[in-house]
Amino acid sequence: QSALTQPASVSGSPGQSITISCTGPNGDLDIYKSVSWYQQHPGQAPKLVIYDVSIRPPDISDRFSGSKSGNTASLTISGLQTEDEADYYCCACPSSYSLENFMFGGGTKLTVL
Amino acid sequence: QADLVQSGAEVMRSGASLRVSCKASKYTFINYYLHWVRQAPGHGLEWMGWINGYTGATGYEQEFQGRVTLSRDTSVDTVYLNMRSLTFNDTAVYYCARRASMKVVGPHYALDVWGQGTTVTVSS
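Protein chains in written order, with my numbering: chain A, 144 to 256; chain B, 322 to 445.
Wrong hints could be hidden among the right ones.
Claimed, not checked - Partial list, derived from the structure: chain A residues whose beta carbon lies under 8 angstroms from chain B:
no.	residue
1	P185
2	A188
3	L191
4	P201
5	I203
6	S204
7	F207
8	S208
9	Y232
10	C236
11	N244
12	G249
By construction, these hints were calculated from the structure, which means they are not laboratory data.
Glycine included, every Cβ here is placed at the ideal spot set by N, Cα and C.
Given the sequences, and given the hints that come with them, work out the whole structure.
Following this line, the structure appears as C-alpha cells:
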C-alpha cells in the first residue's frame with residue numbers, strides 16, 4: 144500500500160554511518176511538498192527527526208541529516224550508536240491533490256551490530 | 322512542552338464502532354491540525370486523516386473515507402476518532418499527532434508531537 148519505497152532493513156556498526164533511502168511512486172519525489180523522517184523504538188510512539196527534507200528539530204542530534212537528490216530522499220545517521228537501533232519511516236506531504244494529506248514509507252529497520 | 326494524551330486501550334467486537342480521544346495541552350489548539358496514524362501489529366505506519374483544529378475541516382485517506390469520522394471539541398481541546406464497522410484488520414495502535422498550521426511557526430508539513438498511542442483489539 145505504501146506509495147513511498149524504503150529498504151526493509153539496513154545495518155551498521157557503532158561509529159559507522161548509514162543511509163536510508165525513500166523513493167516516491169514512479170520514482171518521482173518532486174511532486175511532494177515536503178519529506179520528513181520519523182524514528183520509532185519498539186513499543187513507543189514515532190518521533191520526528193527530520194522535516195522539510197533536511198531540517199532537524201532542536202532536540203535531535205546533529206548525527207542525523209537529511210537530503211534529497213533527484214527522485215530520492217535520504218536519511219543519514221553518522222557515528223552510529225546503539226540507541227539509534229529503531230525503525231525509521233519517511234513521510235511525504237503530497238501537493239498533487241491536497242496539502243494536508245500525508246503518506247508514509249513502509250519503514251526501515253536499522254540494526255546496530 | 323506540548324502534549325497529546327489519548328484515551329485508554331479498547332477491546333471491541335467485530336462490527337462495533339470505536340471512539341478514541343486525543344486531548345491536547347500546553348499549546349494553542351486552534352493553531353494546529355491533528356492527524357491520525359495507525360500501526361497494525363508488526364506493520365508500518367498508516368496515515369488515516371486529519372482535522373483542522375480551528376475550522377473543523379477534515380480530510381481522509383481514501384481507504385477510510387465513509388467509515389472514519391474525525392471531530393473536535395474546542396472547549397476541551399480534544400479531537401475524536403470515530404470508526405464504524407470494525408473488523409479484525411482494524412486491530413492496531415492508533416496515534417494522534419500534531420501538525421502546525423500556517424498561523425504559527427512550523428514545521429508545517431510534518432508531525433512534531435505524538436500521542437502515546439491507543440491499542441485497539443478487535444475480536445470476533
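Hint check:
Violation of the interface hint for A:P185 is found here, the shortest Cβ-Cβ separation to chain B being roughly 11 angstroms, above the 8 angstroms cut-off. With its C-beta approaching chain B no nearer than about 4 angstroms, A:A188 sits inside the 8 angstroms limit, and its interface hint holds. Checking A:L191 against chain B: minimum C-beta separation of about 5 angstroms stays under 8 angstroms; hint holds. Here the hint on A:P201 is broken, as its CB sits about 11 angstroms from the closest CB of chain B, past 8 angstroms.
Because the closest C-beta pair between A:I203 and chain B is about 11 angstroms apart, greater than 8 angstroms, the hint is violated. The interface hint given for A:S204 is violated, since its Cβ lies 16 angstroms from the closest Cβ of chain B, which is over the 8 angstroms cut-off. The interface hint given for A:F207 is broken, as the beta carbon of that residue sits about 14 angstroms from the closest beta carbon of chain B, more than 8 angstroms. Proximity of A:S208 to chain B is violated relative to the hint, the smallest CB-CB distance being about 16 angstroms (cut-off 8 angstroms).
Annotation: interface hint on A:Y232 holds; nearest CB of chain B at approximately 5 angstroms, less than 8 angstroms. A distance limit of 8 angstroms between C-beta atoms decides the matter here; for A:C236 the minimum to chain B is near 4 angstroms, and the interface restraint holds. For the restraint placing A:N244 at the interface with chain B, the shortest Cβ-Cβ distance is roughly 6 angstroms, inside the 8 angstroms limit, so the hint holds. Hint status for A:G249 relative to chain B: holds, with the closest Cβ pair at about 5 angstroms, below 8 angstroms.
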